[in-house]
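A.B. asks: Quick one: dock chain against chain with the hints and give me the complex.
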Amino acid sequence: MPVRSAPATAPVVELLGVTKRFPGVLAVDRVDLALLPGEVHALLGENGAGKSTLVAMLSGLVEPDAGTVRVEGRERRIGSPRAALQQGISTVFQHVMLVPTLTVLENLVLGMSWWRRPDRAELERRLAAIRSEFGITLDLDQPTGELSLGEQQQIEIVRALLRQSRVLILDEATSMLTPSGADELGALMRRLVKSGLAVVFITHKLDEACRFGDRITVLRLGRKVGELAPEGLAAMDQAAAVDEVVGLMFGDRSIAEARPTRLRKAEGAPILTVRGLTVTGATRLARVDDVSFDLRPGEILGIAGIDGNGQKQLAEALAGQRTVATGSITLDGRDITRDSVAERRRLGLRYLTDDRIGEGAVGGFPVATNTVLKEIGAPPFWSGGIERPGRIASHARELIDRYDVRTPDETTPIGRLSGGNIQKVLLARELSGEARVVVFNKPTYGLDVQNIMASRNRIAAIADASLAVLLISTDLEELLDVADRIAVMAAGRLTGIVANDEGARARIGALMIGRAA
Amino acid sequence: MSVSLETTPGEIGEAAPGRHRALVHLALVTLGPILAALVLSGLVLLALGVDPLAYYGYVAQRGLFSWLGLQQTLTRMAPLLCLAAALIVAFRAGIWNLGIDGQFLLGAMTSAALAPFLITVLPAGATLLVAAAGAALVGAVWSLLPALLRAYQQVNEIITTLMMTFLGVSFANLLVKLVFLDPGTTVPQTRTLPVADRLPTLFGTTISGGLVLGLVAVVVVHLVMTRTAFGLKLRTVGENPQAAHHAGLDVPLLTVAVFAISAALAGLAGGIEILGVHGNLRADWNPAYGLAVIPLVFLARFNGFAAIVFVFFYSALMIGGESAARRIGVPHYFTLVLVANLLILLALAEYLDHRRRQRAG
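Quick mapping for you: the protein sequence lines, in order, are chains A and B. Oh and the first sequence: position 411 is 1056 in the numbering used here, straight run, nothing missing. Oh and the second sequence: position 25 is 670 in the numbering used here, straight run, nothing missing.
Pulled out of the complex, with its shape left as it was, chain B reads as follows (with noise of 0.2 Å):
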């Protein structure tokens, strides 16, 4: 299922011919995919009346090589860091969480909901702590139903994390409507919390502290899983739950520990995205982040460094299509076109890799 990108100290110099060729393997069936898709989607762009090459740079203008962009590309990227660590954890435990748009938007309605009511009784940091720990925690909550249910009862989790997005992203906007409503504006949407008081910018750029936390998150999930003995035992679990069994591991409680930390990192990207970036929660909004993250952990091959990278270009991807989308008239949601096609693509080589390789052996 995955790609082990790891390397072991001595491993390097006795096998380097191999290593260096099974590198050049690897950005093969990696880089290969991403060109084919940005040559089809840039023929979806001609049958448009567009021009790709002007659509291209000008995304690449806009996203990577402003500084305005770069830094509207860098905030994105925390919660995008966040949802990809969630992914990692539960992907490497065999466990297919696709509810953590559910769980970033419970999250995120948390910390609007705390944030602006705790500043008011309690100092910034601690304000900013409770409200990130409260947005994991409903994350968390989120997923015990279907923890329980695939850790004891065998209830495929595809389905019933898929159905728990749906009844989360509309109990979000029920209490954003009902209980958490600013009575101060028009629009539905939480309180604001003040933007003096939200996470603190880097260095003096626009750029949101939760890139740090993101980046912390997806380093720590990386090495958590790769290094530690509980990192093993999860992978364990994910790749033979029986041989995990036989080896003595508690299987259902590992089950929920997977669930319970995924949804909390779920969780907690939609606490950054809030105490971060927009201040309070408008009712109705679902950027759907999880879509998106999905493909790009697949084409990191579970690996934490890859999925910091593919975020990053990802980001300036979605920050550059806004833009284009208000300038040149393509709608922002052609970089889930783009996604789509590089997930196609993606598997397509996956196959044909896997075929070559049967033929080889």
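So here's chain A without its partners, still in its complex pose (with noise of 0.2 Å):
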């Protein structure tokens, strides 16, 4: 572990209960952040932890709905990004922006004074100061696409360092690099700090927060559930760190505390059989390799495991959006690997995606029409291909009704609504009619304490009344929550099922770990 100063200065840049709402999504959720000079500050979460949105309010790409920014102890509004840097904050993003024809030198003199020609005299003499202090060499004559991606990223740092920025944002720095690139930013974060620099590093893994972090904040679901101060984590060693950070990441008592234990639990034969599914993907990580299993009537089997491992494309092979290359899939008896979508929900199987706006709904349509979408066409709601308003808008006010929609009515856009309602819609959509599996993907992603209670409540409900249930999350505690068994899910494949019961939580809480360090 470094050693540790402790700077007992004031903040540079300090967020105070800023919160940022994306249409259906509560990004961001009253955090406060506090910026110290000489500090690494790691942020650490999930994707969709809010993370991105942060560093996207300090860049000035966009402004929080609520809260305030202080810019050494003055309240600021940092309203574009070049307001960002002339307070003095940098950013280095995940990817490179640079312009990969120019050369380093005509990289490092953009944005600034376009009246002058750039004096490259003085510029060595700086940058002779930061090869100095810091350890970086540049040749400045080189185009910069022929760099490699690490060099690439120690332009943007320098570039940072001369417009003698005092806060310095590396958002997911390592994603691109190698393990000992990784080593040796981890030594420059060091060095720049030594010399009074504010490093914000983000990253969403979890042995880097703890190796080059003085201060770790935990972000999930947009709130901030913890933050490991410089003179806890030196009081720690790294795998006490690590399971600190653990719990914060994956674990919120307070929301699971007041639910009553599951009435049922499976029953019968399987209603949904998956055998050897495979479906290739543009990555290694975004695809589905040899997955089976079963999943009776009023069970929930819960899918575990980090973000963006071929959950949505587990997901989506099952709802019949994606093309399975090899194995099958059976419903009740039915081969429906080749089924078109509609097909697959005229038998009884669902799909609710986590892309509430983006897929699950048109936001300009009114919420009655969302109501029917996956139904064009057919009766009651149509008559010979023509429509009938009066029947949509009477199921859409039922359903409102029955699912507690909060809207003005049914002609309203469902864009308008909140990420709560507009889950509370599409729910009651695929739920309407004959519905036998429920394929859920992340479907508390986004929503406020309250409603994701509710939807758990509902999830649960759903298995209560015999249907099965595959609930697909990255929330390891809401699938302990409500899951009967809970898979883990890696690079494509099912690494292990595991029953919920006392101590699951350690077994597939270490499986994660171990695919997530």
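For the record, the hints were derived by calculation from the structure and aren't laboratory data. It is possible that some hints are incorrect.
Some, not all, of what chain B presents toward chain A, calculated at C-beta under 8 Å [said to hold, decoys possible]:
hint : residue
1    : Arg-872
2    : Lys-878
3    : His-891
Just so it is clear, CB atoms sit at the ideal spot from N, CA and C, and this is done for glycine as well.
C.D. replies: See below:
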């Protein structure tokens, strides 16, 4: 572990209770964050935890809906990337933002005074200073596109130093580096903070946060769920720190306590049988590799795993939205591997997507139309291809009533509703008619606490009504809360299925961390 | 993107004040830009040394208030309405078919090539039917390449349809000059369908029967898009293709269908113009109606009935403008200047309205 100094200085930048809503999603929920000079502040969280939105706020890409931003104690607006740079906040984004056809020199002087010829001698003098202090060497005349990603990242860091930034944000900076490259970056960060800079290191990798961070803030579902201060971190060894952070990342006991235990368990023969399901994908992770499982009526099978390990592809293959390479899907004895989305829906297989706005709903259409979006042309809502608006409206009103959707009325465009209410409409749509198997993909993602609770209760109730449920979630606590069995998915494969009993948390957690680190 | 104007029954009684306000608001953001465009274009006329009031008065007189002018106006509406229908289908389905001028001209060429020949072997009714169907078919075929590229390769159709228009216009000219040339005349043009065999005129006037076809096309397209399952499928694809895929719709197939329907209507517009008005196709004739109809359809917010109203006034403007060109010396394409001003001011009004609503909400 690096030696940690204890800076007792005031924060350079401070976020106080910042909140950001996007259509249907509460991306950041009342987060406080203080960036101190001389400290590497690791921001840790899963995809969708709110890291990117916080970075976007600090770098001037979005403005918070509520809360305040203070720079050196004074309240400021960061309304544009230019404003962020003027306040001394530089960001190195996950994907390099350099012009590949320009030389290193040209990239470094981009954005500086355009009316002056760049003073090469002056620049070289300053680069020499940077080289001696931080050990970064650059060849000014090389075209940027010919350099490795690590070298390109260094150019961006140097650019921030030339601008005399006080805060340097590194967004998923290790994601494109080799392990040794990541270590070098860690050492560089150490030198940077020693010079008085405040560094924000965003990552979803646990071990890196613990190795490189002086202070660790853990985000989950848009909320700050914990912060480990340098004093506390220094007292722990690395394993203890990882344990502590794992607890913060995957656990939120306060939500789970209220739930009564489920009434019924799996019964009878499997209704959904998946054998050797394989889906090819663009990347190593975005695929499904030889997945097999059974699902019984009344059962909730959870799929745990780090986001982006083939869960969405699995759900889409089951729903019929994605072509299956090999393997079979059998619903109640009938092979549906090649059936269309509509046919599977008719047979009772329903899929609730995680992408409520982008895929689940048509934002500009009324709530009523969205409730029948998967049955366009079918009776009783259409007769001979002609719409029957009265039938659709009364159907929608009934669902709004039954699922407690908060909307002015059924003619309101669904995009105007909150994420929780959109989710209720989509759930109502999937459960209407003869539903038998429901696939949920991250059903509570982006919802507030109340709606998370309500959604989990509803999922449990669905299983209690003898429907089979496949619950894909990156929230382990959610799975431990409602699932009967939990499978762990990593790199497209199911690495194991365990019963959800005493000790399940430890077994699954270990499996997941093993993959995550 | 689109603002829906449809009313659903039951809504009117309950929310009358709200609806009333909405209508006033709609009139404001629609009529406001129209009046502003008239004023702005008037200033252009002043700068040219023409009295705008005299010009507008003359245009109105020749396009609207004289019986002869009104008949010409209503006749001119026919192809414009078909083109409006073509655009409404495409735009509501989220597809920017900007190639209607090419599809129009190839449709016109097809009718002009077929009709004078067919009339020698078929009765007049069958001739007109086959020639019109041929125009629609050729229009649709001309959109196939952009359609397939968009449906299966996600190639931006704005570019491909525009490019196909350049090709289509030149190709139609080439065919007129090399293949379907009437040997009996010195001007390069196709053979001529006798006046007696053209689309029947309405009730003893000179108004072309094409007007009925155009009106039917717009109304049917409007009803299909707003009241049927097929229309909802197309609108779903247009608003959110991912949601359409999620809901089990065959997005590529529907995309190709939209192109085919839209381009067939554009081709039909060309056919109607030939079969109803000209009887033949002269080389290098390209009215480029599409350029004017696109802003009109936007102004109508993709609503068929509103489009009919706007097309009527634009036709009057065109006919009046053509007379004014001869009489007052203002070039006939000044109507395009007016439409361009209108489009800019319309966009401005939309922007200001959007800003105002954002601040309010």
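A.B. asks: Min Cβ distance, B/Lys-878 to chain A: is it shorter than 8 Å?
C.D. replies: holds, 5 Å
A.B. asks: Verify the interface restraint on B/Arg-872: the C-beta must sit less than 8 Å from at least one C-beta of chain A.
C.D. replies: holds, 5 Å
A.B. asks: Take the shortest C-beta to C-beta distance between B/His-891 and chain A; is it under 8 Å?
C.D. replies: Holds: closest Cβ of chain A sits about 5 Å from B/His-891, inside 8 Å.
Every hint, counting from the list given before, is met by this structure.
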